[in-house]
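Engineer: So the chains spell out like this:
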Amino acid sequence: MNRVRIGNGCGFWGDNLDAPVRLATAGRLDYLTLEYLAELTMSILAVQKQKDPTAGYAADFLDVLDRLGPILAEQPGLRIITNAGGMNPRGCGEKAREILSRAGLSACQVGVVSGDDLMPQLDQLLGSGHGLNHLDTGVPLASVRDRVVSANAYLGARPIVEALDSGVRVVITGRVADASLTVGPTAHAFGWGFGEADLDRLGAATVAGHLIECGAQATGGLWMNADDQTGLAEVGYPIADIASDGSFTLTKPAGTGGAVNVETVSEQLLYEVADPARYITPDVVADFTTVRLTETGPDVVSVTGGTGRGVTDTYKVSIAYRDGYTAAGTLLIVGPHAAEKARRSGAILLDRLQHAGWTFAASYIEALGAGDSVPGVVRSNGDPAEVVLRVAVRDPRKAAVERFTKEFAPLVTSGFPGTTGYTTGRPPVREVFAYWPALIAKTVVRPQVEIL
Amino acid sequence: MTTIRVPLSTVAHGRSGDKGNHANVAVIAYTDTGFAWLRTHLTREVVAAYFAPLGSSRVERYEAANVRGLNFVLDDVLAGGASRSLRSDTQGKSLAVTLLQMLIDVPAEHGEMLRPRQTLRTPEGTGNPA
Chain A
1 MNRVRIGNGC
11 GFWGDNLDAP
21 VRLATAGRLD
31 YLTLEYLAEL
41 TMSILAVQKQ
51 KDPTAGYAAD
61 FLDVLDRLGP
71 ILAEQPGLRI
81 ITNAGGMNPR
91 GCGEKAREIL
101 SRAGLSACQV
111 GVVSGDDLMP
121 QLDQLLGSGH
131 GLNHLDTGVP
141 LASVRDRVVS
151 ANAYLGARPI
161 VEALDSGVRV
171 VITGRVADAS
181 LTVGPTAHAF
191 GWGFGEADLD
201 RLGAATVAGH
211 LIECGAQATG
221 GLWMNADDQT
231 GLAEVGYPIA
241 DIASDGSFTL
251 TKPAGTGGAV
261 NVETVSEQLL
271 YEVADPARYI
281 TPDVVADFTT
291 VRLTETGPDV
301 VSVTGGTGRG
311 VTDTYKVSIA
321 YRDGYTAAGT
331 LLIVGPHAAE
341 KARRSGAILL
351 DRLQHAGWTF
361 AASYIEALGA
371 GDSVPGVVRS
381 NGDPAEVVLR
391 VAVRDPRKAA
401 VERFTKEFAP
411 LVTSGFPGTT
421 GYTTGRPPVR
431 EVFAYWPALI
441 AKTVVRPQVE
451 IL
Chain B
1 MTTIRVPLST
11 VAHGRSGDKG
21 NHANVAVIAY
31 TDTGFAWLRT
41 HLTREVVAAY
51 FAPLGSSRVE
61 RYEAANVRGL
71 NFVLDDVLAG
81 GASRSLRSDT
91 QGKSLAVTLL
101 QMLIDVPAEH
111 GEMLRPRQTL
121 RTPEGTGNPA
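In order, the protein sequences belong to chains A and B.
All residue numbers for the first sequence refer to this note's numbering, where the first residue is 1 and numbers rise by one.
All residue numbers for the second sequence refer to this note's numbering, where the first residue is 1 and numbers rise by one.
Derived by calculation from the structure, the hints in this document are not laboratory data.
Just to be clear, a hint being listed does not mean it is correct.
Claimed, not checked - Straight-line alpha carbon distances no greater than 20 angstroms define the calculated DMTMM-like cross-link-like pairs of lysine to aspartate or glutamate that follow: (1) K93/B - D227/A; (2) K316/A - D75/B; (3) K93/B - E196/A; (4) K93/B - D146/A.
Chain B on its own, in the form it takes in the complex:
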């Protein structure tokens, strides 16, 4: 299969937060096809290697297939956590946007992994992509 290299954000969105000195980074695929791909290729080893400079002691991956989610828990990644860490980002808030910048290989034909564009419109005209 021919693959091309794209930022993870092409096929997924997500959010990150803290628990003490640990952080979680949820990666949520836009489509079922994308989720199947990430389930195989976005392993905990890949994520651990990407964040290696932060010195996490252990990375675990959990699945929430109901929302096409892969939830990565990075132990001891916050250099002390909310109170003790000397970093600007003591709570891992930046980790999701950072992981979504990671380049990953996806099939050259990856249209089925992209974010669907259908949009529900409110009376006020607020966009709500489905």
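Chain A extracted, bound-state conformation:
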């Protein structure tokens, strides 16, 4: 195989539901990747699984797979790789197998990658010198152990390669580094290993994975110069057409909207990156500063020169722990001095709660439309015609947060003139899962591959 063509049709859980189908139809892909897991998605899935042991995965994927069935039948070479398995990759895999069977694809096997979930062995790890100290503060996890709901190591590309080597049509993983969803099929297609000699091409493929992992963010989404001509309504999702040395072209299906150019790709190259010379994944420490971008055609950017600087002996671990409750509500304030009235209305709301005996661990008032989204940095000019008042609180007591949500409606009659917009009812109370990043020695994590 000379090149491998990988398209990413989903950048997060909640992304456009039609994009995977459109991309698979028009992309001439070897692999379709679908990325569902943001930093805190696992905690939400963990709670779902606590309530229902058969849940705990990104259920949207099964709807997508159902629609992909006919396309998989038409394109026998197309394979799917997704981290939709979340906290229950096996459960997701079993359901996927049923869907494939119903689509007349009962010969298609599903590979399930697990072993990322460290909860079953968490106390054993903590008891044997693996403190899972907070990556920023150094505080040992033991300080919040009783509130931990999920702890998942970011696995790398190797188990994905193992699953693909066995011939499965679909690979479903739990927590895997986003870029590894691309590195896996590339390493499989070209027979790469994961040793010293492979570092540069692993680094180069990691650049590809990083660029496409957020879907349309590589193809015109968030582009600082996007305008009416960009055609974002019909935005195409990204495709990396990768050569055996890891260099690739980035593009999107012909006839779609959006844009692929040096600007869109440069912006995405540095998205959610700290040191661009050391982008650490389980597979490689990739160096993004050696990458060269060249526009070689309309909506085609050649990406060469990606390198790898080594590999670490740890996996990053994403841990979530219960941290109370939160809610945020809004009202619309219209008329002269709207920003001032909005902020005062927020203060009145909190005053009334205080008089009723409720104070909160944290509270926050924003006059949106008056510059409060980046507080104190940018001020709006003049007197906005209207602003949205938003008040948010967080507190360990659910009852306190519930009481808070009932204090918005009274302002419609007992606040300032021009107070309106109370149409969606009381805001929902949400449990807070705080994020706790840590590292764990690779030697104590056992990635597993199961073929269904």
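With the hints as your guide, set chain B onto chain A.
Structural biologist: Structure of chain B alone, referenced to chain A:
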């Protein structure tokens, strides 16, 4: 040298995002001349001062000269991050457009720092500024 004050967006574009309670803001110069200027003048101290009201604990600057990029990492700037923050923008998505509004001094003759206008055209007529 005579200078004039312009928004940073005159000479650069960019993007921002989150990692836990930290955010990164990438600033990408349109030209080599602009990058050389920003490398000298858009220091981490300047960016830290601009975002000071957000209460970041530390600002670091990294370079990606290959894309004319300066990448600013702002520690603890998100008031708790995606889950805990009470702000509307819990993930720092607004920080790039905000930084690009910052006024900076550039040479009065700064034509070589502006965004090039040459445009590749697709058959469908989609504009793709190079």
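Engineer: All hints are to be evaluated individually against the structure, with a verdict given for each.
Structural biologist: Against the structure, the hints come out as follows:
Distance hint between K93/B and D227/A is fulfilled; the C-alpha atoms sit about 18 angstroms from each other, no more than 20 angstroms. Using a Cα cut-off of 20 angstroms, the hinted pair K316/A and D75/B holds, with the two alpha carbons roughly 18 angstroms apart. A hinted pair counts as satisfied when its Cα atoms are at most 20 angstroms apart, and K93/B with E196/A does not qualify at roughly 37 angstroms. For the hint linking K93/B to D146/A, the alpha-carbon distance of about 32 angstroms lies beyond 20 angstroms, and the restraint is violated.
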